[in-house]
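Please build the complete structure, drawing on both the sequences and the hints.
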Amino acid sequence: MDSPSPAKHVFFSPARVWAIATNTLLELFRLKVFYFLLIFALLLIGSSAFMIEFNFQEQFQLLKDVSLGSMSIFTWLLSVLATAMLIPKDIEDRTLYTILAKPVPRFEYLIGKLLGILLLLLISTIVMSVIFVLALYGRQQYVLAETMRGSVGMTPDQIQENLREVRNATFTWSLIPGIIMIYIKAALCASLTLFISTFASSSIFTIMVSVAIYFIGHLQGIARDYWLGSATTGALPRVFLALVALIFPDFQLFNLVDDIVAGNSISLILFAKTAALGGLYTFIYLLVSYFVFASKEL
Amino acid sequence: MSAISIKNLTKVFPIPLRRERIVAVRNLSLDVEPGQVYGLLGPNGSGKSTTMKIVLGLVSPSAGSTHIFGRDSREVESREEVGFLPENPYFYKFLTGVETLHFYGKICGLHGAKLRDRAAELLNLVGLESAADRRLGGYSKGMLQRIGLAQALIQQPRLLVLDEPTAGVDPAGSREIRDLILDFKKRGITVLLCSHLLSQVQEICDRIGILHKGVLVREGQLNDLISIENQTELILEGATPEVLAQIHALLDQSGAHVLAERRPQTTLEKFFLEVTSPKN
Chain A
1 MDSPSPAKHV
11 FFSPARVWAI
21 ATNTLLELFR
31 LKVFYFLLIF
41 ALLLIGSSAF
51 MIEFNFQEQF
61 QLLKDVSLGS
71 MSIFTWLLSV
81 LATAMLIPKD
91 IEDRTLYTIL
101 AKPVPRFEYL
111 IGKLLGILLL
121 LLISTIVMSV
131 IFVLALYGRQ
141 QYVLAETMRG
151 SVGMTPDQIQ
161 ENLREVRNAT
171 FTWSLIPGII
181 MIYIKAALCA
191 SLTLFISTFA
201 SSSIFTIMVS
211 VAIYFIGHLQ
221 GIARDYWLGS
231 ATTGALPRVF
241 LALVALIFPD
251 FQLFNLVDDI
261 VAGNSISLIL
271 FAKTAALGGL
281 YTFIYLLVSY
291 FVFASKEL
Chain B
299 MSAISIKNLT
309 KVFPIPLRRE
319 RIVAVRNLSL
329 DVEPGQVYGL
339 LGPNGSGKST
349 TMKIVLGLVS
359 PSAGSTHIFG
369 RDSREVESRE
379 EVGFLPENPY
389 FYKFLTGVET
399 LHFYGKICGL
409 HGAKLRDRAA
419 ELLNLVGLES
429 AADRRLGGYS
439 KGMLQRIGLA
449 QALIQQPRLL
459 VLDEPTAGVD
469 PAGSREIRDL
479 ILDFKKRGIT
489 VLLCSHLLSQ
499 VQEICDRIGI
509 LHKGVLVREG
519 QLNDLISIEN
529 QTELILEGAT
539 PEVLAQIHAL
549 LDQSGAHVLA
559 ERRPQTTLEK
569 FFLEVTSPKN
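Protein sequence lines correspond, in order, to chains A and B.
Just so you know, the numbering used here puts the end of the first sequence at 298, numbered straight through with nothing missing.
Just so you know, the numbering used here puts the end of the second sequence at 578, numbered straight through with nothing missing.
Hints may contain errors.
As the list claims (entries may be wrong) - Facing chain B, according to a computed beta carbon distance under 7 Å, are these residues of chain A, among others:
hint : residue
1    : Pro-14
2    : Arg-16
3    : Ala-19
4    : Glu-27
5    : Arg-30
6    : Glu-53
7    : Asn-55
8    : Gln-57
9    : Glu-58
10   : Arg-94
11   : Tyr-97
12   : Ala-101
13   : Lys-102
14   : Pro-103
15   : Val-104
16   : Leu-298
Simulated from the structure, these hints should not be mistaken for lab results.
Note that the Cβ used here is the ideal one computed from N, Cα and C, for glycine as well.
And the structure:
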């Protein structure tokens, strides 16, 4: 059995991380999680049935609302559900033993798992974006044809003006940062769920805690405004709110897409700051995951 | 240098929300020499699996230390030399046999043609070439154990740690795994084996240790431990009644006692394999 010796051990190996990440992606792919993209496509096609009675601005507005809202929900659900099953399942099936009994540091295992999920979310976001753009383009072509039909007796300049109005209301570049922010928020949720799964006893517990934190993260802004705005709020609630704000991200900050769909432009500075905040939270949760996982008795 | 060196190892598990603590392993010391097949035996809950997990760095010791070829088990580098097959492993059901070996090879630093050749070689060794492209979800228990052995060997380790490698496997599959372990021994691979199948342990182990309630109660060369000092066994073939009578007379004269006289029996395993072999 003359076989090759393995490479000398290195402290951090991108090849090992990539092997774990691609294996995680393959696992989710073969579990057919991408089927939810079909539901997304059907949702967009189905929503078109309700659009006929609106004017074209309202039609595009509705389509963007439905598409980007669905993208936000689907990527969040995917990030929580897919991440929650990874580590508990590896422990339950003892697959984790065979991986960590190889020369694989625990932080590489965690990074590989998270990277696999981030790749899955990236592919899903891109595919959903393409479906969204195609749906928007289809709606635009329909409205353009309707505009042409309704322009009998108009001058060529008037017709061109009407068509330009339709085109301008369809695609705007500001949709791109909105979609990127949906991805960043889902990545943050994945990292948070990964952290919970390092100490949780089951996937169900992980999902429940992750969903609870998601809602706390969305509501904490409202609670902060209410309690801190009141002069009668005592020191204890203020300390509690400060702790909540520190531990849980304010998910409302990442909902830039709502403003974008409403037609408000987002400054590059605000986008960059929010993206950096999302990246920072993702990194912090990964780091804390490692501290918990490194001392975990398997 | 010992393949495995365990010194004064103690592992205590605290029980959450209670003051009680469970001592899984108590002051255990033993050495496994290179090339040996060492059987770690004991009833359920005796601390065998905990000891294995500490050796593999999956669990940290409360006191004492474990080393693999001189490297502390807590260092990731010590796992360069180890292959591990856990009890009832599932692996990733969505992967095929060959994909499984490629995955484990990649995390051990193998890649390209070397990895492909190594995977093919191991599939051949464990007799799974024809099932290489089938997903593990469709593998039988015996096939899973064999692919488990192959993944344990992927980086050509000098030490194999096997936890109940034949649990739940039919007698034919069990014998194949036993033959593979004997083959590893011939190749100079050290094996630490945990098993409840004592007849199999007796066949393949050079040395054994018996754990009971976390304490090593017996340890030594298998032959030394199980041989009865003042008795001798003779197995004769073709002896006529006259020859037997002469032997008895001689024994009576010498003052030795015949404790038992019977026809040797085959083992139930051999009998079972004989009647279920494809030749019949």
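- Using Cβ atoms only, decide whether A/Leu-298 comes closer than 7 Å to chain B, and label the hint accordingly. Status holds, d = 4 Å.
- Message: Is the interface hint satisfied for A/Val-104? The criterion is a beta-carbon contact with chain B at less than 7 Å.
- Response: Result: holds, 5 Å to nearest chain B Cβ.
- May I ask you to test the interface hint for A/Ala-19 with respect to chain B, counting a Cβ-Cβ separation under 7 Å as satisfied? holds, 4 Å
- Query: Taking the least C-beta to C-beta distance, is A/Arg-30 closer than 7 Å to chain B?
  - Reply: This interface hint holds because 4 Å falls under the 7 Å limit.
- Item | Interface hint status, A/Gln-57 versus chain B (Cβ within 7 Å) | Constraint on A/Gln-57 not satisfied, violated at 47 Å.
- Message: Hint A/Glu-58 vs chain B: min CB-CB distance below 7 Å?
- Response: violated, 45 Å
- Query: Per the CB criterion, is A/Glu-53 less than 7 Å away from chain B?
  - Reply: violated, 47 Å
- Task: Grab the minimum C-beta distance from A/Arg-16 to chain B and call the hint holds if it beats 7 Å, violated otherwise.
- Result: holds, 5 Å
- Does the interface hint hold: is A/Glu-27 within less than 7 Å of chain B, judged Cβ to Cβ? holds, 5 Å
- Task: For the hint on A/Ala-101, just tell me whether its beta-carbon gets within less than 7 Å of chain B.
- Result: Holds. Min distance 4 Å.
- Query: Against chain B, with CB atoms and a cut of 7 Å, does the hint on A/Pro-103 hold up?
  - Reply: holds, 4 Å
- Query: Holds or violated: is the Cβ of A/Pro-14 closer than 7 Å to a Cβ in chain B?
  - Reply: For A/Pro-14, the interface hint is violated, since the closest Cβ of chain B sits about 12 Å away, which is over 7 Å.
Violated hints, listed in ascending order, are 1, 6, 7, 8 and 9; each of the other numbered hints is respected by the structure.
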